[in-house]
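*Asks:* Now for the letters of each chain:
Protein chains: 2
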Amino acid sequence: MKDVKEYAEKNKDRFVSELVELLKIPSISADPAYKKELLKTADAVKKRMEEAGCDLVEICETPGNPIVYGEKIIDKNLPTVLVYGHYDVQPPDPLELWDNPPFEPVIKKTAAHPEGAIFARGACDDKGQMYMHVKALEYMTKTGQLPCNVKFMIEGEEEVGSESLGWFIQRNKEKLANDVILISDTGMIAPDAPSITTGLRGLSYVEVTVTGPNRDLHSGLYGGAVANPINVLAKMIASLTDENNHITIPGFYDKVEELSKEERAKMAEAPFDLDKYKKALDLDDVYGEKGYSTNERNSIRPTLDVNGIWGGYTGEGAKTVIAAKAHAKISMRLVPNQDWKEITELFKKHFESIAPRGVKVEVNPHHGGQAYVTPINTLEYKAANDAYVESFGKTPIPQRSGGSIPIVALFEKELKSKTILMGFGLDSDAIHSPNEHFGVWNFLKGIQTIPLFYKHFTKLTKK
Amino acid sequence: MKDVKEYAEKNKDRFVSELVELLKIPSISADPAYKKELLKTADAVKKRMEEAGCDLVEICETPGNPIVYGEKIIDKNLPTVLVYGHYDVQPPDPLELWDNPPFEPVIKKTAAHPEGAIFARGACDDKGQMYMHVKALEYMTKTGQLPCNVKFMIEGEEEVGSESLGWFIQRNKEKLANDVILISDTGMIAPDAPSITTGLRGLSYVEVTVTGPNRDLHSGLYGGAVANPINVLAKMIASLTDENNHITIPGFYDKVEELSKEERAKMAEAPFDLDKYKKALDLDDVYGEKGYSTNERNSIRPTLDVNGIWGGYTGEGAKTVIAAKAHAKISMRLVPNQDWKEITELFKKHFESIAPRGVKVEVNPHHGGQAYVTPINTLEYKAANDAYVESFGKTPIPQRSGGSIPIVALFEKELKSKTILMGFGLDSDAIHSPNEHFGVWNFLKGIQTIPLFYKHFTKLTKK
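Residue numbers (my numbering), protein chains in the order written: chain A, 214 to 676; chain B, 214 to 676.
Don't take every hint at face value.
[As the list claims (entries may be wrong)] Negatives, chain B to chain A, calculated, CB over 10 Å:
{"no.": "1", "residue": "264"}
{"no.": "2", "residue": "384"}
{"no.": "3", "residue": "468"}
{"no.": "4", "residue": "495"}
{"no.": "5", "residue": "521"}
{"no.": "6", "residue": "579"}
{"no.": "7", "residue": "590"}
{"no.": "8", "residue": "615"}
[To be verified] DSSO-like cross-link-like pairs, simulated, lysine-lysine; straight-line CA separation at most 30 Å:
{"no.": "9", "chain 1": "A", "residue 1": "562", "chain 2": "B", "residue 2": "503"}
{"no.": "10", "chain 1": "B", "residue 1": "562", "chain 2": "A", "residue 2": "561"}
{"no.": "11", "chain 1": "B", "residue 1": "562", "chain 2": "A", "residue 2": "492"}
{"no.": "12", "chain 1": "B", "residue 1": "289", "chain 2": "B", "residue 2": "322"}
{"no.": "13", "chain 1": "B", "residue 1": "259", "chain 2": "A", "residue 2": "573"}
{"no.": "14", "chain 1": "A", "residue 1": "573", "chain 2": "B", "residue 2": "503"}
{"no.": "15", "chain 1": "A", "residue 1": "489", "chain 2": "B", "residue 2": "573"}
{"no.": "16", "chain 1": "A", "residue 1": "491", "chain 2": "B", "residue 2": "562"}
{"no.": "17", "chain 1": "A", "residue 1": "573", "chain 2": "B", "residue 2": "492"}
{"no.": "18", "chain 1": "B", "residue 1": "259", "chain 2": "A", "residue 2": "562"}
[Unchecked claim] Some chain B residues close to chain A (C-beta under 7 Å, calculated; not the full set):
{"no.": "19", "residue": "426"}
{"no.": "20", "residue": "441"}
{"no.": "21", "residue": "523"}
{"no.": "22", "residue": "526"}
{"no.": "23", "residue": "527"}
{"no.": "24", "residue": "533"}
{"no.": "25", "residue": "535"}
{"no.": "26", "residue": "606"}
Bear in mind the hints are in silico, worked out from the structure with no lab data behind them.
Just so it is clear, the structure is predicted and the values come from calculations on it, not from any experiment.
All C-beta atoms in this analysis are idealised placements derived from N, C-alpha and C, irrespective of residue type, glycine included.
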């Protein structure tokens, strides 16, 4: 596979323009209004998989958005790689903060991406990273170098909790049988510090509503005499963390695994520049749980973040009103051993219990998923390690990520195989934010590294 | 003036339909997009004043929305009543909670209004109550019974802080010279418990913004490691009141006048049914400052209410984001001796001081006004009292209101005359809320009572 670099460079413009076409379709899974666009995206992905050399590609119906399944089976005796990715994207809001419309991709150079980056919603998360696998397959089939079997499972509900994926997997275990699952939906430390993600946080996402009076009230006539749902919601949210930024929900930390001194010391060796981190975000200081470093806070520790809040008058000028209702979307990132369903229950019970008289409280769970940690002394990890060494000329750093891919724990449980998380995005790529982008260099580097994983994995596992 | 009741009854349908026409114009002062509608409303008010018998009506330009000035001077030796009101209205949001479109008035019977009520934004606050004065003048001029001079000053910025009114008064003191100011922009206890408002709270209205990172962040990759502006804003708001619902801003209560036991006992005599109050609002309990009754909390005690809050993702479904910014609109109702500019400064200083490292905080004052208390041992109050006795057959109850008409304190300072607050709305009329309405009975009762004030006031003051 010495020619993979050359192949990627030669076809770079075409690869980028194919990705740009895919990015133009607004496949926002959170908003039912975009259902048609999701179907259109699934069709486009199917077509590209067929072109890349899959023998069979199917749009598989589910209770939600369809899953694109594809395969190229060359020899039943050879190992099988199952590629997972998603074609849905996060909502692009707030639109006014984008420099270009989120579904009209633009290529621009940045400090982190001197060779240019593609700016669009989904560029990195996950259309761009998913498409690296399609193009890697194209290289291997077109040059006759595919060393093993490959299957694709590309879903359309990752950003809203992957509800249909569990349903699909349970009904298609045979079809999805594999020896390793390969996912590119995470990041790497830096272009000169390649890394493999070995841990993901779990997630519990809820929406809460505080209801006070049965209608909006004049804040002069009623102010001070009835519970204001916004003030109450603020007090309730505030009380969920204490002065050390520990979460106060009873039982929340009961199953959290404390890392040993040695493990924490090893984590602290990963390259990290706090000043650069603060400067990149324009912050005078970081903020978080007492007793833990920034890299610990966003990987091995659970969190509680309000992702959205609204209530009362939010237009121009002033309105002197006590709103009848106040709302918040709250998510908790969880760590291994915390069960997301149990944590959701603990949250609900606690949140309802702290509501003062004078308001009613509703807690509606949105979705969730379990945390995941993968060992690094496995054959799967060794294959990934060897691929990086060959591609980057450096040993990759195993890294725990703060993000969640709720389905990874399920894969292990249902499909009995290990997952390798090969991410090529950078932290600064603004996924889930305005001006999301993905470096052209990173895109090509992914396409070049993936076939090497196939090669090493096949070599290590061939019977 | 024995025929006033008859005149009002005979012309009831026309009076109501004229008011309905006025209510159709969406004169929302908080939103600059409605500027034209405000001018249209001012023109309509001018036309109605001319029809009612004013000798002179002018649309007076100001730095903001125009003021409609009108007068009928019958004899320089007779006393002059200055009527103040406003033609602007609150924004109608949230629109989805209205049973009819807010600017398409509908007349419906309700439990509180068996003779029907007009449902529209501004029906009670203040187009309906202001228009009572225009129709009262019509009665007095058409029947040759106007006993004194009258002036009108109807503004278009009351709901956004009356900024141009001070400017206008300072430049027109001579023109506005009067012996008493008459305002109907408050309420009454009940149809069978008439009341005159003797106190208004002051107001300080601010908007705050908490800024964290320079862009929205992925809550997995950054969650727990940077200050989340929504979580921080919730904590800051929560800390503004303590466990007894006292406001914690240093110096906030320094000038608050504590009422004597006797004064509080007298207040407690006003008819009030707590169970009915809770039931009308669908509340299991009231809520407020420890040590004070509901009627004290919403009249003689200052408050701090969040009128609006927003930040992050507020659309359908879930988005795992840490917002770059969170915002809130916060208003404080003030009591006599609290200076609104001083309180605004205290708020700003305190709110900025409690911001943790990792965020920036901005406090922008919107507007404000001083509280007002009027004595009841004056000739002006006696005239009002006598008018109510004649109209209702009952002595009106003097009542402190929780609302604010920021300009009342300024009137006394600049024009050296007392203000009488004759309100005819009910607490349940939902002013500032969806489905605002004004009882047809109340509208007519106002038209019938106002001329009697003119009569008694002239009798008591005639030189």
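*Asks:* State for each hint whether it applies.
*Replies:* Going through the hints against the structure:
For residue 264 (chain B), the requirement that its beta carbon stay farther than 10 Å from each beta carbon of chain A is met, with the minimum near 32 Å. The non-interface label for residue 384 (chain B) is consistent with chain A: the shortest C-beta to C-beta separation is roughly 25 Å, beyond 10 Å. For residue 468 (chain B), the condition that its CB be more than 10 Å from all CB atoms of chain A holds, with the nearest at approximately 17 Å. The Cβ of residue 495 (chain B) does not lie farther than 10 Å from every Cβ of chain A; its closest approach is about 4 Å, which violates its non-interface assignment.
With a minimum CB-CB distance of about 4 Å to chain A, residue 521 (chain B) fails to clear the 10 Å threshold, and the non-interface call is violated. Listed as outside the interface, residue 579 (chain B) is inconsistent with that label: its C-beta sits roughly 5 Å from the nearest C-beta of chain A, within the 10 Å cut-off. Here residue 590 (chain B) stays apart from chain A, with its beta-carbon at least about 26 Å from theirs, past the 10 Å limit. Chain A draws residue 615 (chain B) into its interface by the beta-carbon criterion, the shortest separation being 5 Å against a cut-off of 10 Å.
The suggested pairing of residue 562 (chain A) with residue 503 (chain B) holds, with an alpha-carbon distance near 27 Å, which does not exceed 30 Å. Our distance criterion of 30 Å between C-alpha atoms is broken by residue 562 (chain B) and residue 561 (chain A), whose separation comes to about 36 Å. Taking the CA atoms of residue 562 (chain B) and residue 492 (chain A), the gap is near 27 Å; set against the 30 Å cutoff, the hint holds. For a cut-off of 30 Å, the pair hint linking residue 289 (chain B) to residue 322 (chain B) is broken: about 45 Å separates their Cα positions.
In summary, the hint linking residue 259 (chain B) to residue 573 (chain A) is not supported, as the alpha carbons are separated by about 47 Å, beyond the 30 Å threshold. At most 30 Å may separate the alpha-carbon atoms for a hinted pair to count; residue 573 (chain A) and residue 503 (chain B) meet this at roughly 21 Å. About 19 Å separates the Cα atoms of residue 489 (chain A) and residue 573 (chain B), which keeps this hinted pair within 30 Å; it holds. Our distance criterion of 30 Å between C-alpha atoms is met by residue 491 (chain A) and residue 562 (chain B), whose separation comes to about 26 Å.
Restraint check: the Cα-Cα separation between residue 573 (chain A) and residue 492 (chain B) comes to about 15 Å, which is no more than 30 Å; the hinted pair holds. Among the hinted pairs, residue 259 (chain B) with residue 562 (chain A) is inconsistent with the structure: their alpha-carbon atoms are about 59 Å apart, more than 30 Å. For residue 426 (chain B), the interface hint holds, the least distance from its beta-carbon to any beta-carbon of chain A being 4 Å, beneath 7 Å. The beta carbon of residue 441 (chain B) is positioned within 7 Å of a beta carbon in chain A (closest approach about 5 Å), and the interface hint is therefore held.
Taking 7 Å as the C-beta cut-off, the interface hint given for residue 523 (chain B) holds, the closest approach to chain A being about 4 Å. The beta carbon of residue 526 (chain B) comes within 4 Å of a beta carbon in chain A, closer than 7 Å, and the hint placing it at the interface holds. At about 4 Å, the closest approach between the beta carbon of residue 527 (chain B) and any beta carbon in chain A falls short of 7 Å, and the interface hint on this residue holds. Here the hint on residue 533 (chain B) is kept, as its CB sits about 6 Å from the closest CB of chain A, short of 7 Å.
The criterion of a C-beta within 7 Å of any C-beta in chain A is met by residue 535 (chain B), whose closest approach is roughly 6 Å, and the hint holds. Restraint check, residue 606 (chain B) versus chain A: the minimum CB separation of about 26 Å is more than 7 Å; hint violated.
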